[in-house]
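Q: Protein chains in written order, with our numbering: chain A, 1 to 325; chain B, 1001 to 1746.
Heads up, some of the hints might be wrong.
As the list claims (entries may be wrong) - Derived pair list, reagent style SDA-like, types lysine to any residue, alpha-carbon separation capped at 25 Å:
#, chain 1, residue 1, chain 2, residue 2
1, B, K1657, A, K178
2, B, K1124, A, K178
3, B, K1016, A, Q98
4, B, K1657, A, R142
5, B, K1046, A, L306
6, B, K1657, A, A138
7, A, K2, B, K1016
8, B, K1657, A, S232
9, A, K294, B, K1016
10, A, K184, B, R1121
11, A, K36, B, G1025
12, A, K36, B, K1016
13, A, K2, B, E1274
14, A, K43, A, I58
15, B, K1124, A, P135
16, B, K1424, A, A138
Stated by the list, open to error - Where chain B lies over chain A, by a calculated footprint (3+ residues, C-beta under 8 Å):
#, stretch
17, 230–236
18, 304–311
Please keep in mind that the hints were generated in silico from the structure rather than gathered at the bench. Glycine included, C-beta positions come from ideal geometry on N, C-alpha and C.
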Amino acid sequence: MKAFSYKLAGSTDEAIGTGTQSAFIAGGTNLVDLMKIDVMEPKELVDINQLPMRGVTIDNGVLRIGALEKMAYVAEQPEVVQNFPVISQALLKSASAQLRNMASIGGNLMQRTRCAYFRDVLMPCNKRVAESGCPAFAGENRMHAILGASNACCATHPSDLAVALVALDASINLQGPKGTRSIKLEDFYLLPEDNPGREHAIEPGELITGVTVPHTNWYRRSAYLKIRDRESYEFAICSAAVALDMDGLNIRDARIAAGGVGTKPWRLPEIAQALIGKRVSQETFEQAAEIAAKGARPLSQNGFKLTLLKRTLTRALVHVGGGVA
Amino acid sequence: MNNVGQSIDRVDGKLKVTGRARYSGDRSLPGLCYGYLLQSSIAKGKIQSMDVSAAKSSPGVIAIFTPFNPLKIYSPAQAGEEGMISGDMIPLLQDPTVDYFGQTIGFVVAETFEQARDAARLVKTEYQAQPAIVELQAGLGQAYAPKSVSGMGATVSILSDGVTSIDEALRSAQVLVSATYNNPIEHHNPMEPHAATAVWNGDQLTIYDATQWVQGQQRNLAAVLGVDEANVRVLCPFVGGAFGCKGSMWMHSPLTAAAARRLNRPVKTVLTREQMYTGVGHRPSVRQTVTLGATEQGELTVVKHEVFSSSSRVKFFAEAAAHRTSLALYKSPNILVTHEIVPLDFAPGTFMRAPGVAPGMFALESAMDELAVKLGVDPVELRLRNYATVDPVHKLPWSSKHLDECYRVGADKFGWSRRNPEPKSNRDGDWLVGHGMATALYPAHRSYAEVKVRFQSDGNVSVSAATHDLGTGMYTVLAIVASEALGIPVERIWPVLGDSGLTPAPVAGGSQSTASVSPAVVAAADSATKKLISLAVSSTKSPFSGMKVSDVSYANGVLQAGGKSVSFESVLSGLDRSAVEGSGTASPGEEEHKYGFLSFGAQFCEVRVNEWTAEARVTRFTSVMDVGTVVNQKTARSQVIGGIVFGIGMGLLEATKVDPNSGWIANRNLAEYLVPTNADVPHIDVEFLNIPDITFNSLGVRGIGEIGIAGVPAAIANAIFNATGTRVRDLPITPESLLVEQKGMA
């Protein structure tokens, strides 16, 4: 770990507008980890834990989650559990109980990839050091992305929560020197293209203040399915966030996204589109899930993710929508 | 005092849960400074230069040792004394050759750990790299047969009369199965990292070192440091898990001691988790082909077991997967085992829990399941039809074998008779449910041990030897055995261990400690009692003064004679003696040549595989063990449960991922090297037959440290076959191996 200075921000105004050498710290579960292994080397930490970015409320047709709320707290709120089971489940399947007690919602959405090459300064990594190369394409890439990769980077985005939020068309609220703004979370995450070091549409000094999710009654019919090598404390090899709006046995609308397979949380509007107006059945879901792997580019060790992605989506849809005789 | 076989809390448990048990890295000494290993970032080549200027001027740095500024360390190979095991055989820091990724190439000493670590990162190393072979598959072309494997030849062949070759035997087999099984490299990952704290007092070295063998470490350190063995004292009262990776000397220990000597200050080195992936051994990767020939009735006629195991080019180690399994388990008129070493430009391997046996039993017991399927015979029944009543190699009888009882009790407890042998016949919602079983075995070892038992005037009794408690429960075993031998409550027995200055005891490896040390405890208790009586009759101030030794009896801490009954502490106090001590020894005898000694067990499990997404989860486990006398039900059960959890990891999760191009290890941490979490471990039902093996030693004890893992990966793979109809022969069994083959599964 490199030496750094520390500042406790007394107000949001004091926090925002800090320089490019600074990093905000809330729970610190990812940032401190990365600082210890020299992958992130901020000169200054700005502690935002005393800022008023709190609260979990449903109001005027939206769910608002303050950026500083802890993952464990949000997952357990009755209004989240009842109205947005996909969000609660995605949180509870993340990390470990200890980490969920520390990690904030804003920090969760900013967490960095688990790509082993990214996380070891001995190795080249285009995301960490521009144009230094990417050994993952010819090396260890089982956990890597089959969707959204460029020639520069195939690292997956690790957040479960982000997958659920992207599925539900959530927006992220930002406050910076130039004022406040809100953008769709899906647009907040950037594809690696030829600059994998830039992961978010966030400007220097901007602070995540919260997340907004449209509140629709039918999001009650939603779920997060996470497939992982072990049952706890492990990232997804594939995950699915699904919500279905049902009229009897007919599908009126759907929200679908996948995790563990994309360089960013992967929204799948084409599948949702393909389901609208259909009657639930295993066959319907299997056919729709076929679309998911469109354009996928498997690597040497993760070709199985093509099949796994379709199966994960189908299993999640059957779980939420029924349709198995 | 009927303590042996009861369920007794760990006598050191309270110290551990209250943080008062001090481990090797917990020692703080006046003037202590900290060492940090600098490891190579290439797999093969030469160091051209190391620029240490920035590191040297970094805050708190005291010294930086490199091949260009070495500490004198003698080569362990040259030092080679009998009984010496050294994990590293190259004298580190003595020349600029790099033989593997993560090799120690420097040692930084600073005032704090953080300063040493920071400085290590400032060292700029230039290499001249050469191409390296870092994976078993890539090195097969260089495979060679070693001189010996597990004390035998690389090839061992048993042919029945008139059969001239194993191939001839195979040609006449009515039924054949043959398949190849692969294990990746696995790492021990004990909770406690390796740590050494060294302090010199003149020419006397005291080192607090995390080790499974204090006296071996003492000998090894003396040899590589060039000092007299008597001048080295190794202390290790507590070990936070070891599993074999603390059984050898690894280079951080002598570097720490040599730096402390050079700097004239105590030095402490604690390895990071990352450093433990190349600095302290691993289980080699293994490729095995098992070919079984049988009659249509399921009697084995041929067992052929061919092994390739990886080994570092700089330190030979054979993972004896066939020699330790196929030469012991089944009755077959024709058996052939072969072993070849695949030399790699990779860090040295070493013993890891059930070395040889763990991978070997995966292959052999998977193959037996494949044969059972082919024959349509129940897997338990097939094993009973091939039950070996004598050791297949030496034709000696077993000292005590009740494996058939393990199968029967295990099958009953598990409900094996309700299993449907038809794959995919059992489902629960979208989970396919399968049941599988496998045999467990592990050789029973014992070695010479000497124990001291000391009656103290404070009413306590100390029992001591240079043995070890790796978390295995040895403190409690010493207390229980002494308590029973002396008739004194466990609370009044003070076990002492983990000090090279104590009487000899073997390495805590090979599951031998309890079997080696316990009989010596009994002998020492007897000797101490005799000394006590002799003292009591010979001292004029004693109430028993002048009586004949044969008139004085000892029971439950009390001497009795002539109507008098006096406790040992009163006798000692009356004589102004603080203690009286006896010592006893125990060692294997003639029986070694007359019997075969093995522990046995049967493993049964239920596994669920999701029919959509193919993740496998173990949901039920039953284990029945024939391990001789169980000294402490509680810690013994924990040992076997721990072994089974280890086996679940080996079966479904564990693999060290080596970058094929650089030898770099991708998952050198506990987030990405997966071991089971609580959520991956179901209720594990462990039963001991508890039949004493008195041919082996007077207490009838065999070892239990390793057998728990044996057979577990095979039982899981066999259950997965029963669930899905897919046979997976490569560990770990992850979703892709089931997804790929299971088209139309959903």
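Q: Straight-line Cα separation of K1124/B and K178/A no greater than 25 Å?
A: violated, 43 Å
Q: Is K2/A close enough to E1274/B, meaning Cα to Cα at most 25 Å?
A: Judged against 25 Å, a Cα distance of about 19 Å means the pair holds.
Q: Given the hinted pair K1657/B and S232/A, is their Cα-Cα distance within 25 Å?
A: holds, 20 Å
Q: Does the alpha-carbon distance linking K1657/B and A138/A stay inside the 25 Å limit?
A: holds, 13 Å
Q: Are three or more residues of the stretch 304–311 of chain A within 8 Å, CB to CB, of chain B?
A: holds (count 4)
Q: Taken at face value, is the distance from the CA of K1016/B to the CA of K36/A at most 25 Å?
A: violated, 28 Å
Q: Is K1657/B within 25 Å of R142/A, Cα to Cα?
A: holds, 10 Å
Q: Taking only the CA atoms, is the gap from K43/A to I58/A under or equal to 25 Å?
A: Since the Cα atoms of K43/A and I58/A sit roughly 38 Å apart, the hinted pair is violated (cutoff 25 Å).
Q: Has the given pair, K1046/B with L306/A, been kept, meaning a C-alpha gap of at most 25 Å?
A: Violated - the C-alpha atoms of L306/A and K1046/B are around 43 Å apart, more than 25 Å.
Q: Taking 25 Å as the top limit, are the C-alpha atoms of K1424/B and A138/A close enough?
A: Status violated; Cα separation ~37 Å.
Q: Regarding the pair K1124/B and P135/A, is the alpha-carbon distance no greater than 25 Å?
A: holds, 22 Å
Q: Does the structure keep K1657/B and K178/A at a Cα separation of 25 Å or less?
A: Answer violated: K1657/B to K178/A is near 46 Å, above 25 Å.
The structure fails hints 1, 2, 5, 7, 9, 10, 12, 14, 16 (numbered hints given earlier, in ascending order).
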